[in-house]
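Kindly generate the complete structure, drawing on both the sequences and the hints.
One letter stands for each residue in the lines below.
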Amino acid sequence: MITREPEDFPPPRNWVANFGRKVLFTFRNAGRAILLLTEAVANLRFIFSPRTRREIILQMFVGGIKSLGVITVVAGFTGMILALQTGIELRKFGQEVNIGAAVMVSMLREMGPFMTGLIMAASVGSAYAAQMGTMVVSEEIAALEIMSINPVRFLVLPRLVALAVMTPLLSFYSCMMGVLGGALVGKTQLGVAWVAYWQNATRYADAKDLYVGVFKAFIFGIIITIVACHQGFSTTQGAVGVGNATRRTVILSFLTILIVGYFITRFFYV
Amino acid sequence: MKQKTVEWQMMMELVVGAFLFAIFVGLFWFTIVLSRQNLFVKKYPVQVRFDKIMGLQEGDNIVVRGMPVGKVTDLQLGRTMEDGVTVVGELSSPLQLHANYRAIIVTTSILGGRYLEIREGTSGSPSLDDTVNLKGELPVDLMEEASILVHDLKQSLNEGGVLKNLEATMVEIRGITTKLNQGEGTLGKLITDKAVYEDLTSITKDLREASAQVNQLISSVNRGEGTIGKLLKEDAVYNDLTRLSSNLVSVSQRLNDGKGTLGKLLSEDDQLYKDLSATAASLKNITAKVENGEGLLGRLVTDDSLYTDAQSAIKEFRAAIDDFRETSPITSFTTILFGAF
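Respectively, the protein sequence lines represent chains A and B. Residues 207 to 476 (our numbering) make up the first sequence, in order. Residues 26 to 366 (our numbering) make up the second sequence, in order.
Note that these hints are calculated values from the structure, not bench results. Among the hints, a few may not be true.
What the hints assert, rightly or not - Here are the simulated distance ranges between beta carbons: (1) A:Lys298 with B:Trp54: 26 to 36 Å; (2) B:Leu100 with A:Arg472: 21 to 31 Å; (3) B:Glu32 with A:Glu351: 28 to 38 Å.
Stated by the list, open to error - Below 20 Å or equal to it, Euclidean Cα-Cα: the simulated DMTMM-like pairs (lysine to aspartate or glutamate) are: (4) A:Lys272 with A:Glu261; (5) A:Lys414 with B:Asp99; (6) A:Lys272 with B:Glu38.
Yeah, the Cβ is synthetic: ideal placement off N, Cα and C, and Gly gets one too.
In structure tokens, the structure reads:
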């Protein structure tokens with residue numbers, strides 16, 4: 207049940223009560239988000255229904271393909287910056303050929319999934335939150351529930367699947383763009399030959415780096431969808447509430463991506 | 026309107042599908058590249074047992090003749106200490122090992138990282154079958170070696186008296202430097218006294234000039250000038266010397282053989298030497314007698330009266346001759362005069 211009765215709590219008596227209430231609300235929201243995810247996963251069996259499939263492809267197109275441009279630019283320039291900064295320092299020791307390894311490992315392990323997550327949270331997650339929020343304030347969600355249409359299955363499931371699939375793929379794509387940008391800087395600014403760059407890049411990275419990065423991006427895709435949908439469904443107070451929901455979605459997604467990213471890295475590499 | 030929606034839907038599905046396909050192909054290819062696995066190349070397994078492996082890991086390189094030819098694929102810990110650790114690897118090319126092969130774990134750098142190096146052994150040594158279980162050598166643990174070195178150094182410093190010796194040496198060095206600063210001794214004067222420095226400069230200048238002269242001399246010799254130059258450059262001088270040497274050999278040979286006077290003198294037969302000695306003794310005897318004024322010669326040498334008598338006799342003889350010379354015309358005239366009668 208997404209639609210809830212408005213809550214009316216008495217104002218807190220002091221700052222301790224206020225703080226305690228915020229902590230409790232945070233826990234409650236986290237719990238609601240996880241329940242939303244659980245319900246979406248429980249509805250996974252419907253992903254092959256024609257309507258859901260079409261919706262998934264639409265969301266993949268809107269959330270993934272339309273983000274290719276921004277991801278290309280951001281990832282390409284990130285790789286170029288990484289190569290340039292690392293190369294300038296390495297050149298002092300005559301080791302600029304090693305920028306390939308630095309860029310490849312950084313992009314695969316951390317920068318690729320992290321940047322993709324941030325871009326998706328900022329562009330797609332905020333759009334999801336705004337869309338859900340608008341539907342809530344215009345009581346479309348309530349209408350769906352009245353018609354016995356499950357909003358989670360109808361709205362959350364396609365977006366969850368679309369982003370869970372597209373984020374890892376876009377992460378890999380951003381890694382490739384970053385490596386390509388690094389190679390460009392290596393060739394033009396640091397005099398590192400293409401072949402030397404590529405050989406060095408593939409010598410130090412391994413399949414684990416690639417797949418841990420892809421796994422991270424997969425988790426980030428799920429986080430972005432659930433945070434965005436939950437914030438959208440929690441929207442109150444009309445248009446202002448939609449704006450707040452969008453803002454909270456971006457902030458919460460960023461923080462969650464950072465924190466979860468750290469723990470995934472720690473789990474696989476320490 | 027519906028047709029347009031269908032077309033849009035189809036286009037969208039096509040783009041999404043193409044993107045997914047492209048990314049999955051990329052992922053597959055990249056997986057192969059990063060895992061460094063070539064699915065179409067035959068692999069040759071290798072197993073080496075070590076007592077300990079010093080942190081060698083799965084995925085580390087196997088190197089033969091400095092070239093990476095495989096990867097460590099598995100590490101198996103033996104049940105007991107004696108079983109050690111079995112390192113399993115895959116090689117991209119077969120190896121022909123000989124009895125004196127070596128398998129060593131090598132540290133890549135001081136910062137860490139290791140690889141397994143296999144040295145095949147010399148071809149003169151018997152070849153090994155592929156089924157032979159290889160035995161690896163204990164790797165050198167740089168940290169352990171460094172720790173032992175530090176311990177030994179510390180021990181020698183503290184217990185071996187090195188520290189005390191160093192302290193004593195430092196005291197002596199301090200004394201020497203103090204003297205140097207005060208200008209004592211030759212070195213001290215060299216440091217503090219400008220005159221010594223100037224003397225040294227002058228000596229250096231002289232040496233430089235002498236060196237230039239020597240160089241000039243060597244140049245002259247090289248050009249074949251002078252006796253030494255000719256000796257070094259001209260064959261005629263060399264030939265003369267050779268001849269001289271040959272003659273000396275011949276002379277020495279004659280001397281050795283006792284030929285000639287000198288040879289006889291040097292020969293084992295002492296007759297000539299004895300004769301000469303006897304002659305010398307006689308001469309000595311005669312000269313002694315002369316010195317003692319014995320005999321005519323001795324008196325002649327030692328007695329002045331004999332000399333005086335002889336001188337007066339000569340004077341008288343000369344006077345007689347003069348008289349005769351003065352009277353000879355009269356005599357001749359008288360003879361002629363009276364001869365006519």
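Violations among the numbered hints
none
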